[in-house]
Amino acid sequence: MNARRSKISILVDILRLILRKNNKAKPTHILYGANLSHLRLKKYLGLLLENQFIEEFAESEHKFYRVTTKGLEFMQEFRKVQQFSEAFGISV
Amino acid sequence: MDVLIPTRFYGFDSVMYIASAIIGFLVSYYAYKVFDVSGKRQHYLFYLSFVILSMGLLTLGLSSLNTYISYFVYNESGATPVDTIRYVDDFVYWIYYGCSIVAYAMLAFAYLPEKKEMLFPILLPFWYTGFPYFNIVSFFLLSYTIFRSALNFVDNKNLNTLFVMLAFALIGSYHMLLFFTSYSKIIYVIAHFCLSLGFLSLLIMLVRISNPLKLAKIGIGKATKKKIGRVRIF
Chain A
-18 MNARRSKISI LVDILRLILR KNNKAKPTHI LYGANLSHLR LKKYLGLLLE NQFIEEFAES
42 EHKFYRVTTK GLEFMQEFRK VQQFSEAFGI SV
Chain B
21 MDVLIPTRFY GFDSVMYIAS AIIGFLVSYY AYKVFDVSGK RQHYLFYLSF VILSMGLLTL
81 GLSSLNTYIS YFVYNESGAT PVDTIRYVDD FVYWIYYGCS IVAYAMLAFA YLPEKKEMLF
141 PILLPFWYTG FPYFNIVSFF LLSYTIFRSA LNFVDNKNLN TLFVMLAFAL IGSYHMLLFF
201 TSYSKIIYVI AHFCLSLGFL SLLIMLVRIS NPLKLAKIGI GKATKKKIGR VRIF
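Top line first, the protein sequences correspond to chains A and B.
All letters in the first sequence, in the order written, are residues -18 to 73 by the working numbering.
All letters in the second sequence, in the order written, are residues 21 to 254 by the working numbering.
Heads up, a few of these hints could be off.
Computed list of chain B residues with no C-beta within reach of chain A, every gap over 12 Å [claimed, not checked]:
| no. | residue |
| --- | --- |
| 1 | Leu82 |
| 2 | Thr87 |
| 3 | Ser90 |
| 4 | Asp109 |
| 5 | Pro152 |
| 6 | Tyr203 |
| 7 | Ile206 |
| 8 | Ile207 |
| 9 | Tyr208 |
| 10 | Val209 |
Listed below are the simulated EDC-like cross-link pairs for lysine to aspartate or glutamate, each with C-alpha atoms no more than 20 Å apart in a straight line [what the hints assert, rightly or not]:
| no. | chain 1 | residue 1 | chain 2 | residue 2 |
| --- | --- | --- | --- | --- |
| 11 | A | Lys24 | A | Glu37 |
| 12 | B | Lys177 | A | Glu67 |
| 13 | B | Lys53 | A | Glu54 |
| 14 | A | Lys7 | A | Glu36 |
| 15 | B | Lys60 | A | Glu67 |
Source of the hints: derived by calculation from the structure; they are not laboratory data.
Keep in mind it's a predicted model, so treat the numbers as computed, not measured.
In this text, a Cβ means the ideal position worked out from N, Cα and C, and glycines have one as well.
Taking the hints into account, I'd like the entire structure generated from these sequences.
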């Protein structure tokens, strides 16, 4: 089994993490939960924001992220892709 | 080599080829979605192999249907069938042979580690002509794919991997059984049922993957999208 995660898997892991925090996660929660360096986290959050899979909002002077409807749809599609790949024994 | 086909089965094999082709195109559509996400060459080979296999099956299905219809029409009228029907049928079989061999080789390539791909062509016996050799070569190429899908089922014991293993095993059985069709008519029928069941197995796997009811149960349906804060994770 390949220990290195693919880029897509990391993006999905971040989305799952945000949802686990009742769809309201601070950058530090994601940093520790997704096991990423600060630089890589910034890069992946940038990708997710660019594709409108997550949105940023402020509350009590803190920055939070939440998954958008588009992000949920992306997770649904990725789940199908992952199940299809696993069925044939090929990694995503 | 003679192929014994029961008269009552005429036309049913054509329908089976066409149905299998439709399912094959569906599988290739999903494989393309995987390739779209990953961009990996392995996934592209999967997509291309199912497209090419389906094209061959569809062409064969339509041509054999035309041959059977013309057989019944000429039988009724007592006229002599035109030679071009036979030649077109032969030509289409060669297209189907070529498409199948290429598709099965691509599937085997997809499972090989990338560095060792170039060794594989050396093992391919291209010195074949005609029906019996085609089925042996097809079975030979598919056997590696069947083996890999069986390994995958052993590693990830779930229904989806089981359906894929069954699918490849049944398609392999189809080619193996066709090799023995000169001994009994029933073997031809059983072979085609194996082919149909193989593609049906792939269809069941696809339906399981894209089942919207399953998504609703795990709380990611349209109704729950409004309550994004309370969505459960799968």
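Query - Hints not upheld, ascending by number - result: none
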